Amino acid sequence: MAETAAPARVSGGSPAGRLGLCLLLLAGLAVLSCAIGVTQVSPLALFDDPRAAQLLLVSRIPRTLAVILTGATMAVAGVIMQLLVRNRFVEPGTTGTNEAAMLGLLGATLLAPAWPIFAKMLCAAVAALLGTLVFLALARRIPPQRPLLVPLVGLVYGGILAACASFVAFQADLLQYLAIWMSGEFSGVLSGRYELLWLAGVLAVLAYLVADQFTIAGLGEVASRSLGLRYRQVLGFGVVVVSLVSALVIVTVGVLPFVGLVVPNLVSRIMGDNLRESLPVVAATGAGLLLICDMLGRVLRAPYEIPAGTVFGLFGAALFLIMLLRRGAHG
Amino acid sequence: MVDLSFSWIDRRLLLLAGLLMGAAVGFVGWGLPWSEGAPSRYILGLRMTKLAGLLCVGAAVGLATVLFQTLSQNRILTPSIMGFDALFLLTQSVLVAVFGLAGMVQLSGFAGFALDTAVMMAAALLLFTSLLRRTRGDIQLLILVGVVIAVLLRTLAGFLQRLMDPSAFAVVQGRMFAQFGSIDRTALLAALVVILPVALWLLRRSALLDVVALGRDQARSLGVRYDRLHLQLLCVIAALVSVSTALVGPLAFLGLLVTSLAHSLMQSHRHALLLPASALIAALVLVAGQILFERLLDLQSSLAIVIEFCGGLLFIVLLLKGKLR
Numbered sequence: 001m002a003e004t005a006a007p008a009r010v011s012g013g014s015p016a017g018r019l020g021l022c023l024l025l026l027a028g029l030a031v032l033s034c035a036i037g038v039t040q041v042s043p044l045a046l047f048d049d050p051r052a053a054q055l056l057l058v059s060r061i062p063r064t065l066a067v068i069l070t071g072a073t074m075a076v077a078g079v080i081m082q083l084l085v086r087n088r089f090v091e092p093g094t095t096g097t098n099e100a101a102m103l104g105l106l107g108a109t110l111l112a113p114a115w116p117i118f119a120k121m122l123c124a125a126v127a128a129l130l131g132t133l134v135f136l137a138l139a140r141r142i143p144p145q146r147p148l149l150v151p152l153v154g155l156v157y158g159g160i161l162a163a164c165a166s167f168v169a170f171q172a173d174l175l176q177y178l179a180i181w182m183s184g185e186f187s188g189v190l191s192g193r194y195e196l197l198w199l200a201g202v203l204a205v206l207a208y209l210v211a212d213q214f215t216i217a218g219l220g221e222v223a224s225r226s227l228g229l230r231y232r233q234v235l236g237f238g239v240v241v242v243s244l245v246s247a248l249v250i251v252t253v254g255v256l257p258f259v260g261l262v263v264p265n266l267v268s269r270i271m272g273d274n275l276r277e278s279l280p281v282v283a284a285t286g287a288g289l290l291l292i293c294d295m296l297g298r299v300l301r302a303p304y305e306i307p308a309g310t311v312f313g314l315f316g317a318a319l320f321l322i323m324l325l326r327r328g329a330h331g
Numbered sequence: 001m002v003d004l005s006f007s008w009i010d011r012r013l014l015l016l017a018g019l020l021m022g023a024a025v026g027f028v029g030w031g032l033p034w035s036e037g038a039p040s041r042y043i044l045g046l047r048m049t050k051l052a053g054l055l056c057v058g059a060a061v062g063l064a065t066v067l068f069q070t071l072s073q074n075r076i077l078t079p080s081i082m083g084f085d086a087l088f089l090l091t092q093s094v095l096v097a098v099f100g101l102a103g104m105v106q107l108s109g110f111a112g113f114a115l116d117t118a119v120m121m122a123a124a125l126l127l128f129t130s131l132l133r134r135t136r137g138d139i140q141l142l143i144l145v146g147v148v149i150a151v152l153l154r155t156l157a158g159f160l161q162r163l164m165d166p167s168a169f170a171v172v173q174g175r176m177f178a179q180f181g182s183i184d185r186t187a188l189l190a191a192l193v194v195i196l197p198v199a200l201w202l203l204r205r206s207a208l209l210d211v212v213a214l215g216r217d218q219a220r221s222l223g224v225r226y227d228r229l230h231l232q233l234l235c236v237i238a239a240l241v242s243v244s245t246a247l248v249g250p251l252a253f254l255g256l257l258v259t260s261l262a263h264s265l266m267q268s269h270r271h272a273l274l275l276p277a278s279a280l281i282a283a284l285v286l287v288a289g290q291i292l293f294e295r296l297l298d299l300q301s302s303l304a305i306v307i308e309f310c311g312g313l314l315f316i317v318l319l320l321k322g323k324l325r
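Heads up: the protein sequence lines correspond to chains Y and C, in order.
Counting from 1, one number per residue, gives the positions in the first sequence under my numbering.
Counting from 1, one number per residue, gives the positions in the second sequence under my numbering.
One or more hints might be untrue.
So the derived label-pair ranges between C-beta atoms look like this [stated by the list, open to error]:
#, chain 1, residue 1, chain 2, residue 2, range
1, Y, P116, C, P166, 31 to 37 angstroms
2, C, A114, Y, S191, 52 to 58 angstroms
3, Y, W198, C, H269, 55 to 61 angstroms
4, C, A97, Y, L25, 44 to 50 angstroms
5, Y, Y177, C, G18, 43 to 49 angstroms
No lab work stands behind these hints: they were computed from the structure.
Note that this is a predicted model, so its numbers are computed, not measured.
Even glycine gets a Cβ: it sits at the ideal position worked out from N, Cα and C.
Kindly produce the complete structure, drawing on both the sequences and the hints.
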């Protein structure tokens, strides 16, 4: 199928063996994802039943693409965030970025309900940017020898922003609206309702183009400056990418916890931190894992659905705990 | 005579109790239709129930947080930050999933509450004794693991709730958010049955708790049967948290807010002062806050959110000030 070539474009194809394997697996998962659903579609029916083809084009393929794009870009955003903060336990979900984006979206919905979705998304992105900058300022004040404080401060900071959002939403009777954003799921994805995610894909590709600079920035400000890196600009670009990706994903599918946290950690254990090599694998792994979670959510309780965010939250949190406790045992 | 009989009670505690009495009277009396003769018994009954609920929750949260901080030897930990609340929600969901809705209805009232609490105590003991052992000495790791466990438990509960049928879900959902508006009377009774003996038990052991706060090795060398007491205290905390969560739902940062107020007011490490002070302050914060939000600002049930906000800010300030030791 032609559409399975799409992930290769998103993650930026590099002919490394690992990447090839990842993409092959991802393609298989994507085909499977297109085949699963309430209505059974046999491959033969595609040729003589126009409704089957339509189902595929309007619902299944867009959904699969949306999952792939989301998983890949969230994982990439997680890597970038981890390098910028120089902390393994950080992702947009543990830095208040998601909650800030939500606040921005809420503000836009309240103050200018008539604005097009693109303008609202821009508000969310600006808010996410501000929220991330505040977090970076907080993170700077944490002594580097206490790395576990960083995600902790981030989680509580996110909680504070979320409390603000709930307060506003409660007064405006928008709590339900908020709850929909809080749980990332793909059941609402149809052709025409997910295309903003391609923008996130473009951002991930842009990030790949400057991957080497992110790798150097991960060495820290002093070291990277002495290597001739324009540290501030790289940092700024990274924050913009992370905020935009988070805002785009929240506007289209909602909050997906742990994708950006777990995937980069898994990949860096195997491949190290050279982003030029590992970023495509990170993207492919993120996409693959999220696809698996989405499919599980669809199969477990068919014909009903469990949100992919819930399934991933479960496995992601468990994996994260194992990572934390292992680390605790060694050091 | 009053002076003599109360001389052993700290004046600041008396002041707190007085303020709480005032707030309680204000809470019940404010805005009653006095002009129409005696206010209706219906309104009075509602308000008294609500007041009793707030007092119980305040006492439970205050006591549980002081105990938890004593056990963990850390001034910024609270049971909720470590995921006790989430554990309660998960317990609820599991019980509903296991017994079904019909079973839960049969189990409602005191028996259901006792079962909830027992299951929760067992789970808390299992989870937190192993956790405290595995992360011994590394407080940052402990907190982070606790926070993630809270996320995990909450997601797991959400996952179970997704699998339930809508009517069962409605039962669980009613307990998911901190709500001061509707307090169940059987739960209130159960709460009183738990809190009063526990509070007495704790006050009688306040000197012992002062020793426990020195840490395991010190306490043991001073002749305290530390490990046994440790288990008992974890049970007490689990019971208190399930009381407050069953009454109004999860309140992550109230405990933190209250204990740091209690510490700065009492300037002491003595549990005989800290325990009652925290309980009183927590109740005062809840009652006064409820008056402020419900009567003055006319904002319904947003008190929990504001407490979360202020408590979260305080937590970050304490973290950055390096109070984490």
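Status of the hints after comparison with the structure:
Here the CB-CB span from P116/Y to P166/C is close to 35 angstroms, well matched to the stated 31 to 37 angstroms. Our hint of 52 to 58 angstroms for A114/C and S191/Y holds, since their Cβ atoms are close to 54 angstroms apart. The hinted window of 55 to 61 angstroms between W198/Y and H269/C holds, with their beta carbons roughly 60 angstroms apart. A97/C and L25/Y have their C-beta atoms about 34 angstroms apart, which leaves the hinted 44 to 50 angstroms range violated.
The hint said 43 to 49 angstroms for the Cβ distance between Y177/Y and G18/C, and at roughly 44 angstroms that hint holds.
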